[in-house]
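Undergrad: If you want our numbering, it's the 1-based position in the sequence shown plus 64.
Hints are supplied without guarantee of correctness; some may be wrong.
[Unchecked claim] With a straight-line cut-off of 30 Å between C-alpha atoms, the simulated DSS-like cross-links for lysine-lysine are:
| # | residue 1 | residue 2 |
| --- | --- | --- |
| 1 | Lys-160 | Lys-233 |
| 2 | Lys-192 | Lys-160 |
| 3 | Lys-192 | Lys-150 |
| 4 | Lys-160 | Lys-283 |
| 5 | Lys-366 | Lys-393 |
| 6 | Lys-92 | Lys-177 |
| 7 | Lys-101 | Lys-160 |
| 8 | Lys-192 | Lys-177 |
| 9 | Lys-233 | Lys-196 |
| 10 | Lys-283 | Lys-92 |
| 11 | Lys-386 | Lys-373 |
| 12 | Lys-92 | Lys-357 |
| 13 | Lys-177 | Lys-386 |
| 14 | Lys-196 | Lys-313 |
| 15 | Lys-177 | Lys-150 |
| 16 | Lys-386 | Lys-233 |
| 17 | Lys-361 | Lys-283 |
| 18 | Lys-196 | Lys-100 |
| 19 | Lys-100 | Lys-192 |
| 20 | Lys-386 | Lys-357 |
| 21 | Lys-196 | Lys-177 |
| 22 | Lys-393 | Lys-361 |
| 23 | Lys-150 | Lys-92 |
| 24 | Lys-150 | Lys-196 |
| 25 | Lys-373 | Lys-233 |
| 26 | Lys-100 | Lys-160 |
| 27 | Lys-100 | Lys-283 |
| 28 | Lys-361 | Lys-92 |
| 29 | Lys-92 | Lys-160 |
| 30 | Lys-393 | Lys-357 |
| 31 | Lys-366 | Lys-386 |
| 32 | Lys-310 | Lys-233 |
| 33 | Lys-364 | Lys-386 |
| 34 | Lys-100 | Lys-177 |
| 35 | Lys-393 | Lys-373 |
| 36 | Lys-357 | Lys-283 |
| 37 | Lys-150 | Lys-373 |
| 38 | Lys-196 | Lys-310 |
| 39 | Lys-313 | Lys-233 |
| 40 | Lys-283 | Lys-101 |
Please keep in mind that the hints were generated in silico from the structure rather than gathered at the bench.
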Amino acid sequence: MTTVTLGSTGITVNKNGFGALPVQRISKEDGAALLKKAYEGGITFFDTARAYSDSEEKIGMGLSDVRDRIYIATKTMSTTAEGFWKDLETSLSLLKTSYVDIYQFHNPAFCPKPGDGTGLYEAMIQAKGQGKIRHIGITNHRLAVAMEAVESGLYETLQFPFCYLATDKEIALVDACREHNMGFIAMKSLSGGLITNAAAAYAFADQYDNVLPIWGIQKQSELDEFLGFIRHPAAMTPQLRELIDKDRKALSGSFCRGCGYCMPCPAGIEINTCARMSLLLRRSPSDSHLSAKGQEKMRKIKDCLHCNKCMSHCPYGLDTPKLLARNLKDYEEVLAGKVMTADNF
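The task is simple: from the sequences and hints, build the whole structure.
TA: Structure follows, in structure tokens:
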């Protein structure tokens with residue numbers, strides 16, 4: 065079993081965290097049961113957020129009886145101290161706990177600091193003093209904000225997208241966290257479903273001793289695969305290296321990571337799905353993509369107002385309207401039978 069310690073927090077767990085965003089898509093009973101099976105299989109780190117609808121409630125339902133044997137990280141998107149306290153108290157109630165192991169600012173557009181006028185960091189310190197949180201963390205999709213948080217010395221953990229599609233800049237961020245004894249929690253380790261080989265994803269993350277990947281899990285089959293890595297960690301092989309190199313070439317350049325920070329769209333377009341539909345059809349096709357509902361969703365792209373709000377909110381600087389138009393064109397070619405999905409797309 066491979067373990068990782070999250071910097072100065074001292075939290076040491078096996079290299080398989082449970083990303084609880086997807087469990088909001090299944091029933092409360094199924095979600096709670098899946099979380100309990102994850103714990104029974106050896107997973108002890110669970111990441112959620114106040115913004116993930118009923119995810120926290122399901123963790124409370126499924127894991128409250130083993131609270132002292134697990135670590136829970138959750139998040140607040142609040143931009144005010146008043147909202148911070150409301151979110152924290154709600155999270156504690158739903159999680160059925162008196163404390164959170166890591167409380168994180170959820171993708172703020174800036175790095176909260178003492179004296180910045182928001183009162184956010186001061187609230188974190190006060191909550192820690194009260195024992196309601198044990199460690200202070202931050203999540204982000206913006207490299208500049210993330211690096212500022214690392215260099216500030218104010219945070220014990222950083223959660224940031226990291227997978228084998230990472231650039232040199234993102235690898236440098238991981239290295240910076242190690243140098244500052246700051247825990248690195250890797251979200252989007254499967255790049256929002258675009259990476260389909262879990263062994264390759266795990267083997268890549270395993271090369272970084274300070275990185276804890278959190279896998280987004282909502283099915284028993286997905287859970288079983290990651291539990292298998294606890295017993296038998298996937299090692300990097302020439303075959304996996306070749307697959308990674310192939311994927312890096314195929315997915316290089318501008319592509320939507322599906323983070324959803326461009327939402328909501330004034331025209332009602334589900335941007336975080338539609339802007340990467342070509343890749344989804346090619347890499348992980350589903351009948352739902354080409355269903356009547358899927359077609360209706362994609363044709364909403366024609367209603368684009370070109371207001372560019374999505375562009376201004378994209379942490380990756382993508383030309384989202386252009387990306388949407390290209391995906392609609394590719395999608396219509398699939399429907400017309402001009403191209404095929406999956407490997408022959």
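Undergrad: Now, for every hint given, state plainly whether the structure supports it.
TA: Against the structure, the hints:
1. Lys-160 / Lys-233: violated (39 Å)
2. Lys-192 / Lys-160: Holds - the C-alpha atoms of Lys-160 and Lys-192 are around 18 Å apart, at most 30 Å.
3. Lys-192 / Lys-150: holds (15 Å)
4. Lys-160 / Lys-283: Measuring from Cα to Cα gives roughly 24 Å; hence the hint holds.
5. Lys-366 / Lys-393: Cα-Cα ~11 Å, so holds.
6. Lys-92 / Lys-177: Roughly 37 Å separates the two Cα atoms, so the pair is violated.
7. Lys-101 / Lys-160: holds (18 Å)
8. Lys-192 / Lys-177: Holds: Lys-192 and Lys-177 sit about 15 Å apart, inside 30 Å.
9. Lys-233 / Lys-196: violated (34 Å)
10. Lys-283 / Lys-92: holds (13 Å)
11. Lys-386 / Lys-373: With a Cα-Cα distance of about 13 Å, the restraint between Lys-386 and Lys-373 holds, given a limit of 30 Å.
12. Lys-92 / Lys-357: holds (25 Å)
13. Lys-177 / Lys-386: With Cα atoms ~36 Å apart, Lys-177 and Lys-386 exceed 30 Å; violated.
14. Lys-196 / Lys-313: Distance of about 45 Å is beyond 30 Å: violated.
15. Lys-177 / Lys-150: Status holds; Cα separation ~20 Å.
16. Lys-386 / Lys-233: holds (25 Å)
17. Lys-361 / Lys-283: Holds: Lys-361 and Lys-283 sit about 24 Å apart, inside 30 Å.
18. Lys-196 / Lys-100: holds (24 Å)
19. Lys-100 / Lys-192: holds (28 Å)
20. Lys-386 / Lys-357: Between Lys-386 and Lys-357 the Cα gap is close to 23 Å, so the pair holds against 30 Å.
21. Lys-196 / Lys-177: Roughly 20 Å separates the two Cα atoms, so the pair holds.
22. Lys-393 / Lys-361: Holds - the C-alpha atoms of Lys-361 and Lys-393 are around 14 Å apart, at most 30 Å.
23. Lys-150 / Lys-92: This hinted pair holds, its Cα atoms lying about 23 Å apart.
24. Lys-150 / Lys-196: Cα-Cα ~13 Å, so holds.
25. Lys-373 / Lys-233: Cα-Cα ~26 Å, so holds.
26. Lys-100 / Lys-160: Measuring from Cα to Cα gives roughly 15 Å; hence the hint holds.
27. Lys-100 / Lys-283: holds (13 Å)
28. Lys-361 / Lys-92: With Cα atoms ~27 Å apart, Lys-361 and Lys-92 stay inside 30 Å; holds.
29. Lys-92 / Lys-160: holds (15 Å)
30. Lys-393 / Lys-357: With a Cα-Cα distance of about 17 Å, the restraint between Lys-393 and Lys-357 holds, given a limit of 30 Å.
31. Lys-366 / Lys-386: Given pair Lys-366, Lys-386 holds - Cα atoms ~12 Å apart, limit 30 Å.
32. Lys-310 / Lys-233: It holds: about 20 Å lies between the C-alpha atoms, which stays within 30 Å.
33. Lys-364 / Lys-386: holds (14 Å)
34. Lys-100 / Lys-177: violated (37 Å)
35. Lys-393 / Lys-373: holds (22 Å)
36. Lys-357 / Lys-283: Satisfied, since the Cα-Cα distance of roughly 23 Å is no more than 30 Å.
37. Lys-150 / Lys-373: OK: Lys-150 and Lys-373 at ~29 Å, within 30 Å.
38. Lys-196 / Lys-310: violated (46 Å)
39. Lys-313 / Lys-233: holds (17 Å)
40. Lys-283 / Lys-101: Measuring from Cα to Cα gives roughly 11 Å; hence the hint holds.
In this structure, the earlier hints numbered 1, 6, 9, 13, 14, 34, 38 are contradicted, and the remaining ones agree with it.
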